[in-house]
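Using this note's numbering, the final residue of the sequence shown is 340, and nothing's skipped along the way.
Some clues are possibly wrong.
Said to hold, decoys possible - Restricting the straight-line Cα-Cα distance to at most 25 Å, the calculated cross-link-like pairs of lysine to any residue (SDA-like) are:
no., residue 1, residue 2
1, Lys61, Lys199
2, Lys199, Leu115
3, Lys61, Leu35
4, Lys61, Gln283
5, Lys175, Val108
6, Lys102, Leu115
7, Lys102, Glu152
8, Lys279, Leu187
9, Lys61, Lys279
10, Lys279, Leu319
Claimed, not checked - Derived CB-CB ranges, DEER-like:
no., residue 1, residue 2, range
11, Gly174, Thr255, 38 to 44 Å
12, Lys61, Leu35, 18 to 24 Å
13, Gly220, Leu308, 27 to 33 Å
14, Ile311, Tyr250, 29 to 35 Å
15, Ala44, Leu134, 46 to 52 Å
16, Val108, Val191, 24 to 30 Å
17, Glu152, Gly220, 29 to 35 Å
18, Gln307, Phe106, 33 to 39 Å
Keep in mind that the hints were calculated from the coordinates and are not lab data. Just so you know, even glycine gets a beta-carbon here, dropped at the ideal spot from N, CA and C.
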Amino acid sequence: MAGKSGRTISNVPEKSWKKTVLSWEGMLVLLIILINIFCASISPSYQLANVLREMPKYLTEVFLMLPMAYILILGEIDISVGATVCLSATMTCMVCNKDMPFIVVVLTALLVGTICGFINGMILTRFTELPPMIVTLGTQIVFRGIAEIALGSGGSISLSNTDGFRMIAGKAGMIPYILFVVLIFAVIFTLVLSKTTFGRSVYAIGSNRLAAYYSGIHVQNIRLIIYTAMGFMAGLAALFLTSVLYGANTTTGNGFELDAIAMAVFGGISTAGGKGKLQGGIISAFIIICLRIGLGQINMNPQLILIILGALLILAVLLPNIGGEVKLKKKTVSAK
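Build out the structure end to end from the sequences listed, making use of the hints.
Written as structure tokens, this is what we have:
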């Protein structure tokens, strides 16, 4: 576009390599390189083949992080996803043990998860005054309670036929199939959030729900779609988790919701809503996975690993606030 002076003004702001490198996502890329160097230095077993072999049991949580990022950008939270995984895995095992065709088993996992997510969405969109944390806390108790009743006194179930699950737990060379599936969904969720009207609407709702509503955005429909997608991805996570564990019990999926939230927040997604990029969440998910594998290989206490991850999460939340305060002080000083 040409101005009065005859100069051409670009509609698109110029991209600076310095801004890209110093962005949160750029720092995360640097961090994942450093984490891999660190893990390789402390563990002789930290090699590509071993990392890829151990990765599937952690990758299921990335399925949950993708829609969880959408929910956090909305300014909301879903703490029922671990229980949804538990219920989906339980029902999947029960249907599989009835000698049903494997396609029916797969559909069971996806359908149970989707129904759970839809229930959350329906409650929250019909009773908009209810806080998402309280609603999903209630459904968390209900979903895990149903799973516990279904599992009975033993509290666990094992697969009697593992053929189908062995197939989806397979590998293409060294790379497990689940990694391909995770990357495919990561690309889909990223493109939808960053390149579509739906994604822009999610950011608008997270920034100011009332303003989004008056601008013509179907706020409640979008919330329902996202919570239902959360349930679908929980069902998918349950399917692949069952292919790793060959069974389910009352503790299946325990803490998955916290891990998904941690991955998203560490990736730069704001819990206040309206801010963050999914690319950061994806990179941070692999940082956490690599760190867990590396520290696990040297037999570090699992509780100590959790402490380290918790400290990283607190640091990730504090850094933007510290940076904001520094910028504010500089502006104050320059104004004087």
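Mind listing which of the numbered hints don't hold for this structure, in increasing order? 1, 2, 9, 11, 13 and 17
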